[in-house]
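Chemist: If you read the sequences in order, they're chains A and B.
Okay, so the first sequence: first residue is 1 according to this note's numbering, each after it adds one.
Okay, so the second sequence: first residue is 1001 according to this note's numbering, each after it adds one.
No wet-lab data here; the hints were simulated from the structure.
It should be emphasised that the depicted structure is a prediction, and the values quoted were computed from it without experimental measurement.
Among the hints, a few may not be true.
Unchecked claim - A short list of chain A residues far from chain B (calculated; beta carbon distances all over 12 Å):
1) Asp36
2) Asn62
3) Arg95
4) Phe178
5) Gly202
6) Pro219
7) Pro244
To be verified - One side only, chain B facing chain A, incomplete, derived with CB under 8 Å:
8) Arg1132
9) Pro1139
10) Val1142
11) Ser1148
12) Val1194
13) Pro1228
What the hints assert, rightly or not - Covered stretches of chain B, going by a simulated chain A footprint (3 or more residues, C-beta under 8 Å):
14) 1067-1075
15) 1089-1098
Built from N, CA and C at the ideal position, the CB exists for glycine as well.
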Amino acid sequence: MSVNRRDFLRIAGAAGVAGATSTVAAGSAPATRVSDDWMGMLTDLTLCVGCRKCEWACKDANQLPGQQPIDAYDDKSVFERRRRTDAINLTVVNRYDPAAPGEQPVYVKTQCMHCFEPACASACLVAAFRKTSEGPVLYNENVCIGCRYCMVACPFEMPAYTYDDPFSPAVRKCTMCFDRITKEGGVPACAATCPVEAITFGKRSELLALARDKIAAEPDKYVNHIYGEHEAGGTCWLYIAGKPFDELGFRTDIAATPYPELTRGFLSAVPLVLTLWPALLMGAYAFTQRRDELARAEAEPGENAATEPQPGDHDE
Amino acid sequence: MSEHAGHAATPRDWARDALFLGQSFGAYLKGLVTPFNLIAAAILCVGVPVAIERFTEGLAATTNLSDDSPWGLWIGFDVLCGVALAAGGFVLASAVHLFGLRDYRPLVRPAILTGFLGYFFVVVGLCFDLGRPWRLPYPMFVSYGVTSVMFLVGWHVALYLTVQFLEFCPAVFEWLRWRTLRKWAAWLTIGATVFGVILSTLHQSALGALFLLAPGKVHPLWYTPYIPVLFFTSAVAAGISMVIFESMLSHRIFASRLGNHDPADMNRLILGLGKAGAVVLLTYFGLKWLALAHGQHWDLLTTPYGWWWLTEVFGFVLLPCLLYAMAVRNRRVGLVRAAGVLTVLGIVLNRLNVSLITYRWNAPERYFPNWREFVITITIVTVGLLTFRWIVNRMPVLHDHPEFGPAH
Chain A
1 MSVNRRDFLR IAGAAGVAGA TSTVAAGSAP ATRVSDDWMG MLTDLTLCVG CRKCEWACKD
61 ANQLPGQQPI DAYDDKSVFE RRRRTDAINL TVVNRYDPAA PGEQPVYVKT QCMHCFEPAC
121 ASACLVAAFR KTSEGPVLYN ENVCIGCRYC MVACPFEMPA YTYDDPFSPA VRKCTMCFDR
181 ITKEGGVPAC AATCPVEAIT FGKRSELLAL ARDKIAAEPD KYVNHIYGEH EAGGTCWLYI
241 AGKPFDELGF RTDIAATPYP ELTRGFLSAV PLVLTLWPAL LMGAYAFTQR RDELARAEAE
301 PGENAATEPQ PGDHDE
Chain B
1001 MSEHAGHAAT PRDWARDALF LGQSFGAYLK GLVTPFNLIA AAILCVGVPV AIERFTEGLA
1061 ATTNLSDDSP WGLWIGFDVL CGVALAAGGF VLASAVHLFG LRDYRPLVRP AILTGFLGYF
1121 FVVVGLCFDL GRPWRLPYPM FVSYGVTSVM FLVGWHVALY LTVQFLEFCP AVFEWLRWRT
1181 LRKWAAWLTI GATVFGVILS TLHQSALGAL FLLAPGKVHP LWYTPYIPVL FFTSAVAAGI
1241 SMVIFESMLS HRIFASRLGN HDPADMNRLI LGLGKAGAVV LLTYFGLKWL ALAHGQHWDL
1301 LTTPYGWWWL TEVFGFVLLP CLLYAMAVRN RRVGLVRAAG VLTVLGIVLN RLNVSLITYR
1361 WNAPERYFPN WREFVITITI VTVGLLTFRW IVNRMPVLHD HPEFGPAH
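Next up, chain B with everything else stripped away, as it sits in the complex:
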């Protein structure tokens, strides 16, 4: 407010500095013509009309959803995978602020930003799927289905979105140079982190618990009373792996912004995360077998779905776990990143297995998404990436703000 006036003389200077990366508007526009932006523009050219079609023509015209398959790609990928992959925010924030792993501080802000944007675009994806998205606030203000796991998910995602916004506020206030607010926001950090961990524990597991009501529809190898714990544990693995994955992108794409972090230091952190990833994945691997033993479905392992289950558990849980362990042992950062990518793919596969691939596994007619559903999903991911880039290029996310020193 009054503070930015002291730095930039006119709103125009402020805009040039804060919005146009220190360039004139014309130079900024010219700089936008890059291959990535051209691809993004092409995607939007297809995506926006399809989005309009979705909201004017309805779900039947734009999706392959049916009475038998009420949930499709938008729930299976955009919502379930989106939430799991955005778990890095709470994992890193609790590690640094609560458990005292302070050296991981440089990774907290990118993780929280990914978390916040991840959840934000989950809600955007959900709005495409809901029959009447304008009633999104109904569970909060109009009618309360308190016996529903979905009620818990709805509330917690809304609250967690708010918490993550608060957690990210210091970066926004530094960008805007609002010192007083920045100080207040920092005060909230511990409380927000604790609240964020509670909310994350509950809604990450609740997304799995949703499927507790679908015995006989979700394949028995994936349907288990342990599913809330499986979803939570795998979300932690996904969160850690996404932070690793992002650190790779951040390094390549936002190298200029990484000014005051030593690459060797960053490598040490990545190896540390890799170690955590190995431990979490090993736990998850154990839980998967525990769930199988609990359901006593050993006989199903020799069926085609059994082979698919083994593929998921060995190829996308144990394999990345071993890759993480090997990479950490041999101090190979590149291998940690490969394991991170494989883990992310594995969690995506798991969520799709539960919600789409094995859902109504014994039905004669199976759902496959309409091309428009893919277009909307790709468009949402693209807009998410553009937003992430826009923010990272302006706000102190990957680097400390020169006037504020190390981030909290």
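This is chain A alone, in the form it adopts within the complex:
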């Protein structure tokens, strides 16, 4: 029976709770299972014109509060400050002004990256997040207790929380329009709306090939970096750009290690502690008892057959 890493963590975690005996199989975990069938998105930042129609479409598709007429999204003043996704804006576009005069500004759309091995899912203590077989990472409000560890864990800082809701606050994030894409011919609202086709929806494996082709075809136009190919172990959402990503508000210090790996070592030590500690501690206890017994026997030479002290009531 092969135990993959995910199962191993499950076992380790379950052991941590139930106190079951150790099933530690020290050894390397098999590689991540990556599905070629996962759906994904490719955003070409060289094409985006900052019209924010994707924001409108997203809000419309998800029926989020604060919707405005589509014309209102032409307002460029929002670019004055950098915005992040929040509970009523699951995707936002920011403008990055050129360093040199004459260059064009770059507009960057952000949203959940739909990681291969999501940090949010590995952080959640009630398994509210799951990686679907279609690719999107989905959140289940019905079990969420609101600890917000997912928000601490997410390297892209995408999950947002409805802090202003006193009785049913919840995490909100992009679903890659899961309900649409699981229907025949369905496309996420942002990709369907984009007037310049900066967002492409398709199989992640094919999008990666497309991104490579684009970079190879115009190496002067693109930097040779597909953001999301390796970041955090790989994400379903990919970006290509004409400028280095660290100049466009992207975190470029995110390692290729999938986030669940970061806690794997700790979690695999849990069954060890559960197995070894009782033996060591009871050993120490037995040692102490024995020492006291001998001390007593020495003090009273007549009675060397000291009775076995009962646990817990010594010295009474």
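Got chain A; can you put chain B on it based on the hints?
Modeler: Okay, now just chain B, sitting in the frame of chain A:
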């Protein structure tokens, strides 16, 4: 049950004896008017309405939490510091019951009570922070996120709370004079202690391991794969120091209750704890440098955060360590206590550094708590102190129960 009837003739006598410190209800009420109680009452007058506001208006109305800073004072102080400072229970219980340091027995019950109340009020603080606190039992009964370090923390805190309650039960049963149950509870002591040490090892370190998922958010000087070990070791130091700190308070405030302990004897124990504190802090000091070397962040030491790191490591780890060592060498109990206070402050500083002060250190906008968050934290601490006092004044915690002899 039937046993208390033999001692006190009527429920009224029992209430007078067990609840009102042997006074009539009126005299008891009059005795409550003290400066400490007046301050506590003032705090509650502010705290209770804010608590109501939190649960009716929501987190946005009462905190400065944001999507960028999802964890604030309630997690950073109430939970992280609360758990670390409550570690004295498992440290003392294992020293006495497992490692045979029997002479430390008088300190076990206060330590376990602090531990139990500490954890209890950690959970209370957590309930303020959670979006839907009424779903607190979900990880136990509804949905299991077994890959999560938080899952482990949740389960272990719940189990450890139960264990500490069991460990404290003998004192409760002595107070109620339930002899049979008292005997049974004493039987459980060794098992409960072993289980408590296991749970403590795991969840103290797990609280640090939570931050393993936040590389790049926690400053690199504090983010390290060693963080579980650092949290555990520092929790042991914090636990020992809290016991020392408490022994000081206990002496001053509950002097009348300390009847059958010789002060000279107590001083000897405090010096012993000081020695342990020095050793643990020296180990922790070494581990901090080991973690730094492992991350190879020497260059960051000359940045402002580097100076802050050095302040923590020298001023709040090495300094109390040396103070402990000096105090033990010169047999100065007062200095041991000063070192204890400094250690506690140092561990609080460390937990705040990891969770708040250096969290998203490079972000333009930083979190600072809303005044209401401070009010709730102060209120919870106040209620915790009042509960501790209420119990210590009634149950055999600082002294042995006359009818039961030395506590186990």
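Chemist: So, for every hint listed, does it hold in this structure?
Modeler: So, going through the hints one by one against the coordinates:
no.	hint	result
1	Asp36	holds (24 Å)
2	Asn62	holds (17 Å)
3	Arg95	holds (16 Å)
4	Phe178	holds (20 Å)
5	Gly202	holds (29 Å)
6	Pro219	holds (30 Å)
7	Pro244	holds (17 Å)
8	Arg1132	holds (5 Å)
9	Pro1139	holds (5 Å)
10	Val1142	holds (6 Å)
11	Ser1148	holds (4 Å)
12	Val1194	holds (5 Å)
13	Pro1228	holds (5 Å)
14	1067-1075	holds (count 4)
15	1089-1098	holds (count 3)
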